[in-house]
Each structure stands twice: as structure tokens, then as C-alpha cells.
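Enquirer: Sequence:
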Amino acid sequence: MLHLTLRQLKVFEAVARQRSFSRAAESLHLSQPAVSMQVKQLEESVGLPLFEQMGKKIFLTEAGQEMFHYSRSIAEQLDEMEGVLSRMKGLELGRLKITVVSTANYFAPQLLANFCQRHPAVTINLDVTNREVLLQQLANNETDLAIMGQPPEGQDLTAESFMLNPLVVIASPNHALAGKKNIPVQQLSGETFLVREAGSGTRSAMERFFQEHGIAFNTGMVMSTNEAIKQAVQAGMGLGIVSLHTVALELETRRLAILDVESFPIVRHWFVVHRQNKRLSPVAAGFKEFLQHEAAQLMEKAQASPPSSMPSS
Numbered sequence: 001m002l003h004l005t006l007r008q009l010k011v012f013e014a015v016a017r018q019r020s021f022s023r024a025a026e027s028l029h030l031s032q033p034a035v036s037m038q039v040k041q042l043e044e045s046v047g048l049p050l051f052e053q054m055g056k057k058i059f060l061t062e063a064g065q066e067m068f069h070y071s072r073s074i075a076e077q078l079d080e081m082e083g084v085l086s087r088m089k090g091l092e093l094g095r096l097k098i099t100v101v102s103t104a105n106y107f108a109p110q111l112l113a114n115f116c117q118r119h120p121a122v123t124i125n126l127d128v129t130n131r132e133v134l135l136q137q138l139a140n141n142e143t144d145l146a147i148m149g150q151p152p153e154g155q156d157l158t159a160e161s162f163m164l165n166p167l168v169v170i171a172s173p174n175h176a177l178a179g180k181k182n183i184p185v186q187q188l189s190g191e192t193f194l195v196r197e198a199g200s201g202t203r204s205a206m207e208r209f210f211q212e213h214g215i216a217f218n219t220g221m222v223m224s225t226n227e228a229i230k231q232a233v234q235a236g237m238g239l240g241i242v243s244l245h246t247v248a249l250e251l252e253t254r255r256l257a258i259l260d261v262e263s264f265p266i267v268r269h270w271f272v273v274h275r276q277n278k279r280l281s282p283v284a285a286g287f288k289e290f291l292q293h294e295a296a297q298l299m300e301k302a303q304a305s306p307p308s309s310m311p312s313s
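Mind the numbering: the sequence shown is residues 1 to 313 in UniProt numbering, read in order.
Hints listed in this document are in silico derivations from the structure and should not be mistaken for laboratory results. None of these values were measured; they are calculated from a predicted model. Built from N, CA and C at the ideal position, the CB exists for glycine as well. Keep in mind that a hint or two might mislead.
Here are the simulated DSS-like pairs of lysine-lysine, each with C-alpha atoms no more than 25 Å apart in a straight line [said to hold, decoys possible]:
# : residue 1 : residue 2
1 : Lys-10    : Lys-278
2 : Lys-10    : Lys-40
3 : Lys-56    : Lys-97
4 : Lys-56    : Lys-301
5 : Lys-57    : Lys-40
6 : Lys-10    : Lys-57
7 : Lys-97    : Lys-10
8 : Lys-278   : Lys-301
Just the calculated beta-carbon pair ranges, DEER-fashion [as the list claims (entries may be wrong)]:
#  : residue 1 : residue 2 : range
9  : Glu-212   : Arg-118   : 21 to 27 Å
10 : Lys-180   : Thr-219   : 42 to 48 Å
11 : Gly-236   : Ser-189   : 17 to 23 Å
12 : Ser-224   : Glu-52    : 32 to 38 Å
13 : Leu-85    : Asn-140   : 20 to 26 Å
14 : Leu-126   : Gly-236   : 47 to 53 Å
15 : Asn-140   : Ser-36    : 19 to 25 Å
16 : Glu-289   : Gly-236   : 42 to 48 Å
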């Protein structure tokens, strides 16, 4: 019988998943030597090498691939057991692992804070990342819930909308179109736009909108965060299309303006997403219900824009 520990399996799984001892150490809050020692002890117990190094990269051996398969299955069983035991405790105790796309980080902490005020013994693990990593976490069952824009079709996911996500055109207050009413959408043709990276939900919606309206636009710069886009728009480098939820502060301080463009805002939705067959803990189920019934109303109160900030429809 193999003499191995759950800690060794957890460390091995992190290294195998991330293909890096240093990144695994960082994610587990351990030193790299401690991670290496755990893997070495596991290899000694198994009697076979689990990793091989080629250049600066590490790869799983055949034995490592088998171990990775079983370590993930064991981890999922342990998570399920923890969920079942937590369910017996109700919402008084428990843990919630939630991943949100970077755009949702403008409102998700506020909603989580409101939820935690009602359930102070609940522990929250919040990860803010891009769409690609979020989908990978869902695929690997590494998170309980996710908040994102339009989820992909054809995947083993349950997605339910809980709040509108209007996309608006932002500009510097000094832009020639700022302050004008009912701007024809064709007038955006030829304007320079600052856009998110390929694969971003906002960028996909933007490109689809312009294609449907036969509008050509110039891509000034590609940026990985909404903060970078807002700063560049403020500096007069071009226009941007962002979620209204990301610009409340800039509108109040008049550092940005929303252009009153026909057919805008592009109305999308925020979704709470999880694996289709996932057994949600009481905390995860409670937070999902909280989002569905209260999030929209809470955010309307907390992030109401000044009367002049939003164009008339």
C-alpha cells in the first residue's frame, strides 16, 4: 500500500496543473523548496518519477499523468465531502470560492460584503481574472461560482442572468462629440477605439455591434484592463466601450463622458455560472440566490449615476 499524504497529493496536483514549481508554491503560499520536497517524497513513495525537465520546462511522465488523474479525482471527492458536511451546518459556517472576470470586480466585492454582513462566519475566496482563466477554472472544477458576461455555449455549465450589463461609449469630456445628443451611430466610423484583448466579452460584443451596423473603426491600442482603457480615454487617445458599472466614479468627477449614441447602450447581462452537475454548498447556493433576487436593486442604489451621466434612451 502506498504511503502518501493528502498534502503531497495537493502539492503535486498544483505543480502538475500549473507546470511550474514556483507558480504552485505561490498559489499554495509555500516556499519552492517545500513544494519540491513534497513532490520528491511522493515520487519516493510511488517509486517512479512523476516529472521530467526539458530545458526550463517540466512535463509529466506517464506515471505523473496517471497520478494527476487520480489526484484530481481525490480532490474533487474531498471538496464534495466538505460541501456535504457544510450543508449540514447551513449558512452559519462555510466557504465560498468565487471567480469573477476583471470587469465584474467593480461591483462583486460590494455584493460579497453585503452578503458577508448577513453571514459573518462565512469565508470568501475571491479570484479576479480574465475570461479565459475563469473558464479554465470552471472546467477544472476549481471554483464554486463564477460571475461573467455571456457564457460560451456547448459547455457543461449552468448560467443564469442576475443583472443588466449596459455597454456605453466613453470619451474625454473634451472630445468633439461630448455633449451632443442623438449622435448617429455611423458617425463613429473612422473613430479610434481603445479595446480589450481578443477573447474579452466586451470586445466580442463591440465587434459584433459594429459588424451588424457596417461600421469600420480604428483600433488604437489593445489593453488588458478597463483601468488602462479609462486612463487612455481620459488622455484623449480615443474612445472606449465599457460596462457602465466600471465608470461611476469617473462620471461623478467628470473625468469621462458618455456619448449619447443611437443604439447605445448595448444591453448585455451579468451571469452567475457553475458546473452543471455541481452540488452547491449552502453558502454557494445562498449567494447565488442573493444575486438573483437582490443584486440588481442593491447596485442601482449603490452606483446610481448622476442625472447628466447617462444619455436618454
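Enquirer: Now, for every hint given, state plainly whether the structure supports it.
Expert: For each hint, the structure was consulted:
1. Lys-10 - Lys-278: The hint holds at about 21 Å.
2. Lys-10 - Lys-40: holds (13 Å)
3. Lys-56 - Lys-97: Outside the cut-off at roughly 32 Å; violated.
4. Lys-56 - Lys-301: violated (52 Å)
5. Lys-57 - Lys-40: Roughly 17 Å between the alpha carbons, so the hint for Lys-57 and Lys-40 holds.
6. Lys-10 - Lys-57: holds (21 Å)
7. Lys-97 - Lys-10: Given that 25 Å is the threshold and the Cα spacing comes to 17 Å, the pair holds.
8. Lys-278 - Lys-301: violated (33 Å)
9. Glu-212 - Arg-118: 21 to 27 Å: Given range 21 to 27 Å: violated, Cβ gap about 43 Å.
10. Lys-180 - Thr-219: 42 to 48 Å: violated (24 Å)
11. Gly-236 - Ser-189: 17 to 23 Å: holds (19 Å)
12. Ser-224 - Glu-52: 32 to 38 Å: holds (33 Å)
13. Leu-85 - Asn-140: 20 to 26 Å: holds (22 Å)
14. Leu-126 - Gly-236: 47 to 53 Å: violated (34 Å)
15. Asn-140 - Ser-36: 19 to 25 Å: holds (23 Å)
16. Glu-289 - Gly-236: 42 to 48 Å: holds (45 Å)
Violated hints, in rising order: 3, 4, 8, 9, 10, 14; the structure is consistent with all others.
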